[in-house]
Amino acid sequence: DVKVTQSSRYLVKRTGEKVFLECVQDMDHENMFWYRQDPGLGLRLIYFSYDVKMKEKGDIPEGYSVSREKKERFSLILESASTNQTSMYLCASSNPSALTDTQYFGPGTRLTVL
Amino acid sequence: SQKIEQNSEALNIQEGKTATLTCNYTNYSPAYLQWYRQDPGRGPVFLLLIRENEKEKRKERLKVTFDTTLKQSLFHITASQPADSATYLCAPTTGGGNKLTFGTGTQLKVEL
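Chains A and B, in that order, give the protein sequences.
Those letters in the first sequence? Residues 1 to 114, by this note's numbering.
Those letters in the second sequence? Residues 1001 to 1112, by this note's numbering.
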């Protein structure tokens, strides 16, 4: 079974802090994704990566950056956290060779910015 | 632009009944349509995938239909149980290594 892990389940940070959210998958998937999820807004794509050192902006990249130095790891960075970035953050991976784009999600990180 | 619609109102049903959830899409020609389950505070979990040339797909108590003419998928849970209570998301996709776009999901509550 695919396993996607995220570094923290809950995180509390202060406004202006630099925040790192880590995601690791163990199935050698090329594609990895970062979403945020807010009530009533559904899953919104922040960034995704098709390969090591490759990244593409999703629908809401402002205020975020990403890093993918190794195939299994995809990091989301909040350079200067703000209260409007309080949200549930979800990481996912997929295997493009499977053609169906099925995504496997981590458990999520609930981030609170005070 | 591409749009996915799922009923935003929660669906409340009695245990043992069949739950039916709807996913409508516009400006899409998906080759696949996927359904995911999400429990509160957790990540979505893949349940079922149906291809454009399949009318119906079953897995245990789950059944999915896909009508490319109506641009609609129906997700059925038969003999529903309280443990089926969750939010269900649909994701039509053209496939081929692309990103997914998810509907906002429908919350299902199965009551005793």
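Keep in mind that the hints are not guaranteed to be accurate.
[As the list claims (entries may be wrong)] Pairs of lysine to any residue residues, derived as SDA-like cross-links and limited to a Cα-Cα distance of at most 25 Å, are as follows:
| hint | chain 1 | residue 1 | chain 2 | residue 2 |
| --- | --- | --- | --- | --- |
| 1 | B | Lys1099 | A | Ala98 |
| 2 | B | Lys1003 | A | Arg68 |
| 3 | B | Lys1059 | A | Leu45 |
| 4 | A | Lys53 | B | Lys1099 |
| 5 | A | Lys57 | B | Lys1059 |
| 6 | B | Lys1071 | A | Thr100 |
| 7 | B | Lys1099 | A | Gln37 |
| 8 | B | Lys1099 | A | Ile77 |
| 9 | B | Lys1003 | A | Lys71 |
| 10 | B | Lys1099 | A | Arg14 |
| 11 | A | Lys18 | A | Asp28 |
| 12 | B | Lys1099 | A | Glu30 |
| 13 | B | Lys1059 | A | Ser75 |
| 14 | A | Lys55 | B | Ile1050 |
| 15 | A | Lys3 | B | Lys1003 |
| 16 | A | Lys3 | B | Ile1050 |
| 17 | A | Lys3 | B | Asn1098 |
| 18 | B | Lys1071 | A | Lys57 |
| 19 | A | Lys13 | A | Leu99 |
| 20 | A | Lys55 | B | Thr1020 |
| 21 | B | Lys1099 | A | Ser67 |
| 22 | B | Lys1071 | A | Asp26 |
| 23 | B | Lys1003 | B | Ala1079 |
| 24 | A | Lys55 | B | Lys1071 |
| 25 | A | Lys71 | B | Asn1098 |
| 26 | A | Lys71 | B | Gly1096 |
| 27 | A | Lys3 | B | Lys1071 |
| 28 | A | Lys18 | B | Thr1020 |
| 29 | A | Lys71 | B | Lys1099 |
| 30 | A | Lys53 | A | Thr83 |
| 31 | A | Lys57 | B | Asn1098 |
| 32 | B | Lys1099 | A | Lys13 |
| 33 | B | Lys1003 | B | Gly1016 |
| 34 | A | Lys13 | B | Gly1041 |
[Said to hold, decoys possible] Facing chain B, from chain A, some residues (calculated, C-beta under 8 Å):
| hint | residue |
| --- | --- |
| 35 | Met27 |
| 36 | Leu45 |
| 37 | Phe48 |
| 38 | Ser49 |
| 39 | Val52 |
| 40 | Ile60 |
Simulated from the structure, these hints should not be mistaken for laboratory data.
The beta carbon of each residue, even a glycine, is placed where N, CA and C say it ideally should be.
**Hints violated by the structure (numbers, ascending)** = 2, 3, 5, 9, 10, 11, 13, 14, 15, 18, 19, 20, 22, 23, 24, 27, 28, 30, 32, 33, 35, 38, 39 and 40
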